[in-house]
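**Q** The chain contents come next:
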Amino acid sequence: MTKKPDITRAQLLCMAVLSSLVFPYTFLPILNSPPANQDVWIALLMSFVYILAINAPLLFLMNRFRGMNINEIVDTIVGGIAGKIVIIPFILFFIYCFTACLLITSLFINIYLFPGTPLWALLLFMAVPMCYTSYKGAGTIGRLATFIIPLILSTIVVFTLISLRYIDLNVFRPVLAESTFAQLNLGAFLTAARYSEILIFFVFSYFLKQKDSINKTYGGALAVFGISFFLILTTTMGVLGVDFAKLSWNPYYVFTRQMDLFGFIERMQSLNTLAWFPASLLKLTLYNYMASYVLSGVFRTGSHKYFVVPIAVAGFAVCLLPVMNKSSTVEFLRSDRVFPYIILPVIFIIPLLLIIVYLLRKSKIDPLIDKAKKAAERADAQLEEAQGGSPND
Amino acid sequence: MSKRLHALLLVCILTPVLLTGCWNQKEPNNLAILNSIVYDLRDDGQYRVIAEILNPSGPGGQEGGGGKSPNLTAISQAENVRIALAQISQSIESILFGSHNKVRFFTESFMQGDMPAALDFLLRDHLTDETPLMVLIRAQDPVEIYSASLGLSDTVGDYIDKLSKLQAKNMPKAVFITTLDFIKDYLLEGKEPVMGVVELVECEEKSTSEDKTGEQGGKEHGPKLQYEGLAAFREGRFAGYLDGTETRAYNLITGNLKSAYYSIAAGDGVTVLEVDKAKAGITANVDGDEISFDIQLNMNIGVIEEGGTVDVSKDEPLDVIESAFNAMLIKELGAAVEKVQHELKSDIFGFGAVLRMQHPETWKQVKEQWNDTFSVCPVRISVVSDVDRTGEIKEPFLTEDQ
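Residue numbers (the working numbering), protein chains in the order written: chain A, 1 to 393; chain B, 1 to 402.
Since the hints were made in silico from the structure, they are not lab data. Where hints are given, some of them may not hold.
Here are the simulated DSS-like pairs of lysine-lysine, each with C-alpha atoms no more than 30 Å apart in a straight line [said to hold, decoys possible]: (1) A/Lys246 to B/Lys169; (2) B/Lys3 to A/Lys136; (3) A/Lys136 to A/Lys373; (4) B/Lys394 to A/Lys246; (5) A/Lys362 to A/Lys216; (6) B/Lys162 to B/Lys26; (7) A/Lys209 to B/Lys169; (8) B/Lys169 to B/Lys364; (9) B/Lys314 to A/Lys305; (10) A/Lys246 to B/Lys367.
Listed next, the stretches of chain A that the computed footprint assigns to chain B, with coverage defined by at least 3 CB atoms under 8 Å from CB atoms of chain B [as the list claims (entries may be wrong)]: (11) 172-181; (12) 252-265; (13) 314-320.
The following residues of chain A were derived to be distant from chain B, with all beta-carbon distances above 10 Å [claimed, not checked]: (14) Asn63; (15) Thr76; (16) Pro115; (17) Thr234; (18) Phe244; (19) Leu247; (20) Ser248; (21) Gly302; (22) Arg337; (23) Leu344; (24) Ser363; (25) Lys364; (26) Glu377; (27) Asp380; (28) Ala381.
Virtual Cβ for every residue (Gly too), placed ideally from N, Cα, C.
So here's chain A without its partners, still in its complex pose (with noise of 0.2 Å):
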């Protein structure tokens, strides 16, 4: 493993949001899934509900393993060969998402904003940037994610206002009157299960200070996430209309292309595309980091930047497959038939089956995870000691 680096609660919040927000910004899944009417803001509220649910057990490993990393839990919970088993499907969906995120990233740039490039050009110019922030780690990840996030948080800031005057409340109405209460549950699942983030709090909570509260962080950045879906979801649908929204590719990018200011401040939706191009290709970076982190773990190979690269290529060369580079394909692989049934299991299933494991052999784990957790804080209070002071402060 590499060394343990710092990072702030803000730091993890911050990437939790970033990640979450990218595929609202890009394609508003949310508006195709059940009941796909004027009433899916219903059961985006209702979404959360099912977030909590689904991602409690691994909040509940995160918080009972403090001071283990995602290896050394599922390590400790099942024993060595059926621990790396057991993690297999973690790194699976790790370098699923990371080549999902890359084609529909890809997809987009060649639809809305440069057509002419050749997909391997934009790959490249995506590649670089993302492998060196994950070769220099979690850190790094962290800090550009506090540099990004306002930017992106701003243009939804910006454009909800600007959008004000545009916004037709009809298109909300009727409500409740089309969707029925199982549509509306489905739907609010659906959404809930896309929600994959807390696989970055599963394995960079252990970054953080033992002081600092995963839960506290957790619930800081469902909420920035749920209020900014909630303005991205309720001003496209209020503006576009919600069946021309739920034609678009990319409705929030159609939505800020009809925006101005004054009457002569126009094309804002270059803002979009400002804030949007980073924060995927952060979102990029956390995937291929949790990949190679937990790949470095299987293989204790001591450092994960063994596996940056590799990872990488493997993605691009997935991408560039001729039956990947198809939009049926990304169609197929976004869609509510595919992504939330892959990341289910992984979020849900296999943790709560740990968490029975755990409970089961509950006796022989617990002194280890006291063990685990008195030499973190050990480590975090010679880190203060030899920095002076907190070294986030």
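Could you slot chain B onto chain A? The hints should help.
**A** For chain B alone, coordinates are given in the frame of chain A:
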């Protein structure tokens, strides 16, 4: 490196992103920038596209002018719109660039044809966005609009665009519909889309303005563009026109009227009124199988000119003006609603959308045959206006003594 230097480097790197004006590697010099475009369907089934392209070497351009026209038109036709557009490249040596297009004109015959295919193309192409206005041309030959006199504008696209941005308040008898507005109404249940209308009319008065080449009276006797009225659609096809007065009623009912002038005969002269604020509300009523609608209008009106001797400084005469105005407006709105219901049979007012919002269960039962149902629904109109005098004098200029 210090943090300041890092920050400075970052600003330097990010600044060009804000300053970019181009989308790709194509040089602006090699672009044929579209200002407006006409989509037409000919009798032989061929789609014709007429593109108005900015001429950078014309007046106002980088190269001075020298008698050249500020725009040029390129025409092409083919079996569908997209291929016709591609063929335009055969008549111009530059790359057609549609991102700065201001207006999309359509002919009546085009609107009877494959409109959804054209909308699909407009939404799919990454350079044809939703901001241009959509306008229907009433002309024998649509090419003629490019020879019309254009006031102070150099191009037809700029002329219509400036009307929508600068004169919308003074044009209550017209509608300015962007592509986004049209698409939203096209897709919305219970409301049919409309489009602005432009037609060529002969100039009645001699203009003293210079034409765009700088010569006196070059086009002073030519036709001019008259932007008035609206075109209504029914199930994606052209259904008919509303004239200027009916369009003003449409704007009032849909809450889009920004300002309007009315003249009414009250007393011994004509009083001119200005509608300052107008708020419209539509209520759907369901009584058994019968569906009816109430339109309520609340308006603030100012007397801006009194041609007779009515003492507009007192309340009683103003009440008389108010009653006369309300009666006139109810008649005007009623005529427009009746035409839309019985002649056009197209729910451009969005009564269906109101029914869907207020009585969703009833809407589910009637939505399949809504345009037929809507045409027989009773519509009641009520107007509440508040008339006040405006301006710097109190009594009328003419008094009874004079």
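**Q** A separate judgement is required for each hint: does it hold in the structure or not?
**A** Results of checking the hints against the structure:
no.	hint	result
1	A/Lys246 to B/Lys169	violated, 33 Å
2	B/Lys3 to A/Lys136	holds, 18 Å
3	A/Lys136 to A/Lys373	holds, 26 Å
4	B/Lys394 to A/Lys246	violated, 57 Å
5	A/Lys362 to A/Lys216	holds, 26 Å
6	B/Lys162 to B/Lys26	holds, 28 Å
7	A/Lys209 to B/Lys169	violated, 62 Å
8	B/Lys169 to B/Lys364	violated, 38 Å
9	B/Lys314 to A/Lys305	violated, 87 Å
10	A/Lys246 to B/Lys367	holds, 21 Å
11	172-181	holds (count 4)
12	252-265	holds (count 4)
13	314-320	violated (count 0)
14	Asn63	holds, 36 Å
15	Thr76	holds, 41 Å
16	Pro115	violated, 6 Å
17	Thr234	holds, 16 Å
18	Phe244	violated, 6 Å
19	Leu247	violated, 7 Å
20	Ser248	violated, 8 Å
21	Gly302	holds, 29 Å
22	Arg337	holds, 24 Å
23	Leu344	holds, 33 Å
24	Ser363	holds, 51 Å
25	Lys364	holds, 49 Å
26	Glu377	holds, 32 Å
27	Asp380	holds, 26 Å
28	Ala381	holds, 28 Å
When each numbered hint is compared with the structure, violations occur for hints 1, 4, 7, 8, 9, 13, 16, 18, 19 and 20.
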